[in-house]
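**Q** Residue strings, one per chain:
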Amino acid sequence: MKLLEYEGKEIFEKYGLPMQKRIGVLKIGDSSEKLKFDGQGPWVIKAQVLAGGRGKAGGVKIANTADTARELAQKMIGMQLITHQTQGRALTVEEVLVEEASDIGREIYLSVVLDRKEGAPVVIASAEGGMSIEELAKTRPELIVKTPVDPNCGLLDFQARELAFNLKIPAGIFHEFTELAKSLVKLFIEQDANLVEINPLAITRTGKLVVIDSKIVTDDNALFRHKELTSKPDHEASEIEKEAKTIGINYIGLDGDIGCMVNGAGLAMATLDTVKLAGGNAANFLDVGGGATVEQITKAFQIILKDAKVKAILINIFGGIMKCDNIAVGVVEASKKVKIGVPLVVRLEGTNVERGREILSTSGIKIEQANSLWEAAQKAVKAAAGN
Amino acid sequence: MSILLNKDSKIAVHGLTGSQGSFHARQCLDYGSKITAGVTPGKGGTEHLGVPVFNTAREAAEQTGANVSLIFVPPPYAADSILEAADAGMQVIICITEGIPVMDMVKVKTRLKRLNAEGKNIILVGPNCPGVITPGECKAGIMPGYIHKKGAVGIVSRSGTLTYEAVWQLTCHGMGQSTVVGIGGDPVQGMNFVDTLKLFQHDRQTKAVVMIGEIGGSAEEDAARYIKECMTKPVFSFVAGKTAPPGRRMGHAGAIVEGNAGTHASKVEALKTAGVTVVENLSEIGKAAAAKLKATLKPVKK
Numbered sequence: 000m001k002l003l004e005y006e007g008k009e010i011f012e013k014y015g016l017p018m019q020k021r022i023g024v025l026k027i028g029d030s031s032e033k034l035k036f037d038g039q040g041p042w043v044i045k046a047q048v049l050a051g052g053r054g055k056a057g058g059v060k061i062a063n064t065a066d067t068a069r070e071l072a073q074k075m076i077g078m079q080l081i082t083h084q085t086q087g088r089a090l091t092v093e094e095v096l097v098e099e100a101s102d103i104g105r106e107i108y109l110s111v112v113l114d115r116k117e118g119a120p121v122v123i124a125s126a127e128g129g130m131s132i133e134e135l136a137k138t139r140p141e142l143i144v145k146t147p148v149d150p151n152c153g154l155l156d157f158q159a160r161e162l163a164f165n166l167k168i169p170a171g172i173f174h175e176f177t178e179l180a181k182s183l184v185k186l187f188i189e190q191d192a193n194l195v196e197i198n199p200l201a202i203t204r205t206g207k208l209v210v211i212d213s214k215i216v217t218d219d220n221a222l223f224r225h226k227e228l229t230s231k232p233d234h235e236a237s238e239i240e241k242e243a244k245t246i247g248i249n250y251i252g253l254d255g256d257i258g259c260m261v262n263g264a265g266l267a268m269a270t271l272d273t274v275k276l277a278g279g280n281a282a283n284f285l286d287v288g289g290g291a292t293v294e295q296i297t298k299a300f301q302i303i304l305k306d307a308k309v310k311a312i313l314i315n316i317f318g319g320i321m322k323c324d325n326i327a328v329g330v331v332e333a334s335k336k337v338k339i340g341v342p343l344v345v346r347l348e349g350t351n352v353e354r355g356r357e358i359l360s361t362s363g364i365k366i367e368q369a370n371s372l373w374e375a376a377q378k379a380v381k382a383a384a385g386n
Numbered sequence: 000m001s002i003l004l005n006k007d008s009k010i011a012v013h014g015l016t017g018s019q020g021s022f023h024a025r026q027c028l029d030y031g032s033k034i035t036a037g038v039t040p041g042k043g044g045t046e047h048l049g050v051p052v053f054n055t056a057r058e059a060a061e062q063t064g065a066n067v068s069l070i071f072v073p074p075p076y077a078a079d080s081i082l083e084a085a086d087a088g089m090q091v092i093i094c095i096t097e098g099i100p101v102m103d104m105v106k107v108k109t110r111l112k113r114l115n116a117e118g119k120n121i122i123l124v125g126p127n128c129p130g131v132i133t134p135g136e137c138k139a140g141i142m143p144g145y146i147h148k149k150g151a152v153g154i155v156s157r158s159g160t161l162t163y164e165a166v167w168q169l170t171c172h173g174m175g176q177s178t179v180v181g182i183g184g185d186p187v188q189g190m191n192f193v194d195t196l197k198l199f200q201h202d203r204q205t206k207a208v209v210m211i212g213e214i215g216g217s218a219e220e221d222a223a224r225y226i227k228e229c230m231t232k233p234v235f236s237f238v239a240g241k242t243a244p245p246g247r248r249m250g251h252a253g254a255i256v257e258g259n260a261g262t263h264a265s266k267v268e269a270l271k272t273a274g275v276t277v278v279e280n281l282s283e284i285g286k287a288a289a290a291k292l293k294a295t296l297k298p299v300k301k
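Chains P and H, in that order, give the protein sequences.
If you use numbering that gives the first Met the number 0, the first sequence corresponds to residues 0 to 386, in order.
If you use numbering that gives the first Met the number 0, the second sequence corresponds to residues 0 to 301, in order.
Certain hints may be false.
The list that follows gives simulated cross-link-like pairs (lysine to aspartate or glutamate, EDC-like), each with its CA atoms no further than 16 Å apart [unchecked claim]:
1) P:K20 x P:D212
2) P:K207 x P:E178
3) H:K106 x P:E32
4) P:K116 x H:E279
5) H:K106 x P:D212
6) P:K275 x H:E279
Note that these hints are calculated values from the structure, not bench results.
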């Protein structure tokens with residue numbers, strides 16, 4: 000799960016990372032009077048969205064007075080934001096963070112990520128921050144420093160020192176930096192993160208070290224030991240996706256019009272690819288799981304049909320341990336429970352497939368059957384086009 | 000010969016007495032696999048499915064000669080079971096469990112590396128995988144046994160049902176399998192494509208390999224490098240996730256395109272450059288392999 004900047008900063012605070020004072024977070028429907036300012040300003044107003052490039056898109060503003068800050072925050076709420084990372088889609092700004100602005104002198108990039116090949120965390124840093132790591136890798140690859148981490152020891156003192164020397168951290172904040180780097184790795188391990196990023200980490204004109212932005216991606220598999228995270232909403236998931244999750248179905252909404260129901264994540268991905276190859280576009284990724292019981296299939300139908308774009312449904316199930324005849328009964332029973340209203344194409348393969356196909360064809364329900372995934376995809380594309 | 004498992008493999012099932020463990024162990028026994036022990040702390044001394052249950056993996060290994068662990072333990076405890084199996088001297092550890100925290104696997108991986116550096120030769124398969132089967136000899140996993148046939152094609156895959164699909168197509172085209180290995184869909188896992196390809200390359204029964212990849216990570220690119228430099232056997236491949244949106248996890252924890260890393264295009268290009276036959280349409284993997292191999296392989300009956 001990806002956390003918003005202020006949610007990440009709340010975790011950073013527990014690890015003592017140096018940050019500017021946060022005035023507050025404004026949500027849709029909140030009055031800007033809720034924001035209690037103290038201090039001199041200036042203040043910075045930041046749209047809380049899960050995409051980089053906010054500044055250029057108008058999602059970061061500076062205010063010199065509390066009144067201006069309130070006004071800007073109010074305006075930013077509900078704003079539609081398109082950045083270079085949103086693939087042309089607009090994100091609605093639902094929350095805005097207001098905090099003290101920093102007088103940034105230098106920007107550094109610092110993150111901890113999972114090195115999948117090594118199976119261990121790695122610290123990635125660059126003396127030049129502010130842009131994304133992908134851009135950095137393109138423009139200044141020679142500045143990127145990687146430090147592998149032993150998960151049982153964390154970042155060692157000498158590694159933190161080496162990192163500080165590499166990044167040319169000034170003597171006055173050298174110790175503070177090494178402590179910060181060690182804390183960030185500690186946070187990564189203790190909080191079961193998949194990614195922790197500070198971009199930028201600033202050195203102010205007065206020589207102070209300040210965390211400007213935060214990005215944390217947590218591991219869903221580890222939620223059982225982070226109860227405080229389970230209450231947080233998943234900002235990335237759509238309403239249908241959230242609903243699917245609560246009933247144990249793995250669903251991701253896509254742009255096309257062919258609803259897909261598949262058992263197994265890999266086969267589900269391959270099904271989307273095959274639909275595309277046949278000239279269509281899938282409306283969703285949906286893994287109905289290994290069970291594929293009447294109950295699961297019914298739920299899956301209900302979830303798929305919540306998307307009004309869906310013009311046909313393609314079911315692709317490889318019956319292994321769960322035999323095809325049982326799956327066919329499940330599809331028939333579920334079809335009776337849910338008003339489907341769009342063409343249904345079913346491809347069954349595996350154990351007892353003949354019996355399964357017979358159950359489908361004699362069920363009295365209008366089901367188009369296919370003998371291969373390729374045939375099924377072609378039939379679904381045709382059905383969607385004609386509907 | 001085959002890889003990882005054969006008719007003499009003796010399996011200890013961790014979590015034998017649980018519902019998943021019970022169900023799938025029964026299927027493995029029916030297939031003819033030798034399950035010699037169950038491991039469930041607190042249930043030592045009892046018997047389940049006619050198999051003796053032990054409190055610890057060490058007792059299971061010492062008293063029944065078990066050399067393979069098959070793990071069905073729930074996610075919060077599965078990493079510990081892997082380490083227990085390793086400590087007990089199991090040579091092959093197959094972890095089926097889905098949903099193990101990545102950090103737990105990071106710690107497992109660190110310890111296994113150290114044990115192997117000390118001279119142990121422990122192979123971990125998974126987690127979040129369907130397991131391993133050597134058709135006609137031994138099944139240690141959750142795959143439907145009957146779709147497989149003994150033969151000469153080795154299969155390695157990051158996905159479950161996608162593997163069954165490939166196996167089924169091969170079987171229907173008269174091509175049996177030497178061993179089928181599901182390495183799993185997690186970002187941090189035991190053996191990877193390269194480790195498996197090496198075993199297939201050195202296995203006399205295996206004459207060709209089918210490799211089923213997916214988006215995320217760089218395992219396919221690493222495999223391509225190995226194939227180009229070291230493999231003499233033909234390799235066929237399909238990579239799932241061409242149409243997956245970037246930044247979203249497609250069911251498997253490891254199936255995600257992050258920034259410019261782990262894209263479908265990069266994997267396919269690397270594999271093609273290495274001389275691998277890459278099919279774009281999954282429905283054609285059996286046909287593609289058959290077209291190239293029919294002349295050299297003796298067909299098996301479906």
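**Q** Hints first: check each against the structure and report whether it holds.
**A** Hints and how they fare:
no., hint, verdict
1, P:K20 x P:D212, "holds (13 Å)"
2, P:K207 x P:E178, "holds (14 Å)"
3, H:K106 x P:E32, "violated (48 Å)"
4, P:K116 x H:E279, "violated (26 Å)"
5, H:K106 x P:D212, "violated (29 Å)"
6, P:K275 x H:E279, "holds (11 Å)"
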